[in-house]
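Chemist: For chain A, the structure is supplied; the task is to place chain B on it using the hints.
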Amino acid sequence: MNAPERASSFLLDEDIGEVKVTYSADTKVSNAGTFRFNKEDHTVANILRMQLLRDPMVRFAGYIHPHPLVHFFDFKIQTNSSTVAPQEVLSSAIEDLSNETDHLITAFTDALDDWKKENEKGVMGL
Amino acid sequence: MPHQRFPKIKIISSAPQEIQFILSDTDTSVANALRRIMIGETPTLAIDLVEFHENSTVLNDEYMAHRLGMIPIRYQAPDSFKGGDCNVAFLPHRECVCYDRCPRCSVEFELDVDFDQVNPTRADDEVLAPLTVTSRDLKSNNEGVEPAHFLNQDEQDESQDEGIAIVKMGPGQRLKFKAIARMGISKEHAKWCPVAVATYRFWPVITINEEQCSTLTMEQKMEIVDCCSDRILEIDEVTGNLQAVENAHELATFTEDLKFTQNAMKKNPEDDDFVTVVQSTDRFLFSVESTGAMDADEIVLSALRVLKERLNYLAQEVDNLKDL
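Going line by line, the protein sequences match chains A and B.
Under my numbering, the residues of the first sequence are numbered 1 to 126, in order.
Under my numbering, the residues of the second sequence are numbered 1 to 324, in order.
Treat the hints with care, as some may be off.
Claimed, not checked - DSS-like mimics (lysine-lysine), calculated; alpha carbons at most 25 Å apart, straight line:
{"no.": "1", "chain 1": "A", "residue 1": "LYS20", "chain 2": "B", "residue 2": "LYS82"}
{"no.": "2", "chain 1": "B", "residue 1": "LYS191", "chain 2": "B", "residue 2": "LYS168"}
{"no.": "3", "chain 1": "B", "residue 1": "LYS82", "chain 2": "B", "residue 2": "LYS308"}
{"no.": "4", "chain 1": "A", "residue 1": "LYS39", "chain 2": "A", "residue 2": "LYS117"}
{"no.": "5", "chain 1": "B", "residue 1": "LYS322", "chain 2": "A", "residue 2": "LYS76"}
{"no.": "6", "chain 1": "B", "residue 1": "LYS168", "chain 2": "A", "residue 2": "LYS39"}
{"no.": "7", "chain 1": "B", "residue 1": "LYS8", "chain 2": "B", "residue 2": "LYS221"}
{"no.": "8", "chain 1": "A", "residue 1": "LYS28", "chain 2": "B", "residue 2": "LYS322"}
{"no.": "9", "chain 1": "A", "residue 1": "LYS39", "chain 2": "A", "residue 2": "LYS20"}
{"no.": "10", "chain 1": "B", "residue 1": "LYS139", "chain 2": "B", "residue 2": "LYS191"}
{"no.": "11", "chain 1": "B", "residue 1": "LYS308", "chain 2": "A", "residue 2": "LYS76"}
{"no.": "12", "chain 1": "B", "residue 1": "LYS82", "chain 2": "A", "residue 2": "LYS39"}
{"no.": "13", "chain 1": "B", "residue 1": "LYS168", "chain 2": "A", "residue 2": "LYS117"}
{"no.": "14", "chain 1": "B", "residue 1": "LYS191", "chain 2": "A", "residue 2": "LYS39"}
{"no.": "15", "chain 1": "B", "residue 1": "LYS221", "chain 2": "B", "residue 2": "LYS191"}
Claimed, not checked - Listing some non-contacts, in silico: residues in chain B with all C-beta distances to chain A over 12 Å:
{"no.": "16", "residue": "PHE6"}
{"no.": "17", "residue": "PRO7"}
{"no.": "18", "residue": "SER13"}
{"no.": "19", "residue": "PHE21"}
{"no.": "20", "residue": "LEU34"}
{"no.": "21", "residue": "TYR63"}
{"no.": "22", "residue": "ASP137"}
{"no.": "23", "residue": "LYS139"}
{"no.": "24", "residue": "ASN141"}
{"no.": "25", "residue": "GLU309"}
Simulated from the structure, these hints should not be mistaken for laboratory data.
This structure is a prediction, so every number in the text was calculated from the model and none was measured.
For every residue, glycine included, the Cβ atom is placed at its ideal position computed from N, Cα and C.
Only chain A is shown next, with the shape it has when bound in the complex (with noise of 0.2 Å):
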């Protein structure tokens, strides 16, 4: 009766029009702004929270996942200056993820085929 959908934890539900990214800016703290990712959990916000604390033009950057059984987290960004935008460091930070990601899959097709290499030589070798 009061179960939610299975799949009410990671996709989007689009009879009220949820968006996947929602942004607005901060009215008392300068260059600042808090976005809204829907349907995401801690494995993309705290990868995203790591990247945007190595950049230098980030102040502060910081996520809360409310509580357990809903699905979203708010994601606060403050920049250094007003010529940065939060959205800006956001991309970034989002683009050098990807491509270490991308990084990570030849990274690791590299590894299968070296290790595969060795263990043929071994036995061989036998």
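Modeler: Same frame as chain A, now just chain B:
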């Protein structure tokens, strides 16, 4: 781009059902994201709908359907022998444009076992025993898709069954159904989880303070070697010094005992330790064990692809925000 990391991977051991590798030069968040995706968001096939025609066994329909859902289902690409990524060949059901189901989004399994028909064909000594209906009796309509009957060849050799047991039947019982398998992720239901275990450990950094160690007697050094249950230390025969065992890094899991023993040995509490074991913050030892649905290395690759797709999707959405 400015702040990209360049992680490295080294494979320690790789078998179809288990893989161990070292991921280094990256952050814990990336290692954790990879682990979470392997457990929760890697797509696999599993039985999702069952249409029963006849079921007079001791298990009722929904119980049986639950058991069928948990059977790991293996997809083999036409040109390979590996349990591969089903994402390349199938669409999730909700994205497929077909009316009800089609070969593009689902696989049908049929099973029809009648005890009274099978019994005469069994060996004489088995005739009175219950008949085990196993995953071998499921007939698929797609050549590349079959239940994973065993984890690997060793298990197949040792087992007395012919596959995963579904139900045991007696005289007069009959089971006939059609099961439809669909692609999904473990966040929706645990039956779609491709891994049994996907974990990572931090790589230990073992430092031995030679100066402090020279103040120890041989008995004290033996005590330090013995106190650690993982046996990561040994005494060099030639020099009589404490040193780490060759594969100490892979063995070290619990090293708190070292601290206590050393504290008792130190002359002053504020002296340096003789042997310190610290966790590295950027080197991880991953261990991934598959359920049989996919080969372990395919699981890691599939998880990386899922992460890449997710990041690309987010990049697009954030770009849309900029235009607004």
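Chemist: Each hint needs a verdict: does it hold in this structure or not?
Modeler: Hints, one by one, checked against the model:
Between LYS20/A and LYS82/B, the direct Cα distance comes to roughly 36 Å. Violation of the 25 Å bound is thereby established for this hinted pair. Restraint check for LYS191/B and LYS168/B: satisfied, since their Cα atoms lie roughly 22 Å apart, inside the 25 Å limit. Annotation: proposed proximity of LYS82/B to LYS308/B holds, straight-line Cα distance about 23 Å (limit 25 Å). Taking the CA atoms of LYS39/A and LYS117/A, the gap is near 42 Å; set against the 25 Å cutoff, the hint is violated.
For the hint linking LYS322/B to LYS76/A, the alpha-carbon distance of about 16 Å falls within 25 Å, and the restraint holds. Only pairs whose Cα atoms come within 25 Å are accepted, and LYS168/B paired with LYS39/A is rejected, the gap being roughly 42 Å. Between LYS8/B and LYS221/B the alpha-carbon distance is near 36 Å, which puts this suggested pair outside the 25 Å criterion. Only pairs whose Cα atoms come within 25 Å are accepted, and LYS28/A paired with LYS322/B is accepted, the gap being roughly 21 Å.
With a C-alpha separation of about 7 Å, the suggested pairing of LYS39/A with LYS20/A holds against the 25 Å cut-off. A threshold of 25 Å between alpha carbons decides the hint, and for LYS139/B with LYS191/B the separation of about 20 Å falls inside it, so the pair holds. Note on LYS308/B and LYS76/A: the hinted pairing holds, with a Cα-Cα distance of about 23 Å set against a maximum of 25 Å. For the hint linking LYS82/B to LYS39/A, the alpha-carbon distance of about 33 Å lies beyond 25 Å, and the restraint is violated.
Taken as a hint, the LYS168/B and LYS117/A pair is broken in the structure, with Cα atoms around 46 Å apart against an allowance of 25 Å. Between LYS191/B and LYS39/A the CA atoms are separated by roughly 21 Å; this keeps the pair inside 25 Å, and the hint holds. Under the criterion of a C-alpha separation no larger than 25 Å, the hint pairing LYS221/B with LYS191/B is inconsistent with the structure, at around 51 Å. For PHE6/B, the shortest C-beta to C-beta distance to chain A comes to about 6 Å, within the 12 Å cut-off, and the non-interface label is violated.
Here PRO7/B does not stay apart from chain A, with its beta-carbon only about 6 Å from theirs, under the 12 Å limit. In this structure SER13/B is not separated from chain A by more than 12 Å, as the shortest Cβ-Cβ distance comes to only about 8 Å. Listed as a non-interface residue, PHE21/B fails to keep its Cβ farther than 12 Å from every Cβ of chain A; the least gap is roughly 7 Å. Distance check on LEU34/B: its Cβ comes as close as 8 Å (rounded) to a Cβ of chain A, failing to clear the 12 Å threshold; non-interface status is violated.
The Cβ of TYR63/B sits about 19 Å from the closest Cβ of chain A, beyond the 12 Å cut-off, so the non-interface label holds. The beta carbon of ASP137/B sits about 28 Å from the closest Cβ of chain A, which is more than 12 Å, so the claim that it is off the interface holds. Residue-level check passed: LYS139/B sits 28 Å from the nearest beta carbon of chain A, beyond 12 Å. No Cβ of chain A comes within 12 Å of the Cβ of ASN141/B; the nearest lies about 25 Å off, and the non-interface call holds.
Taking the minimum C-beta to C-beta distance to chain A, about 10 Å, the non-interface status of GLU309/B is violated against the 12 Å cut.
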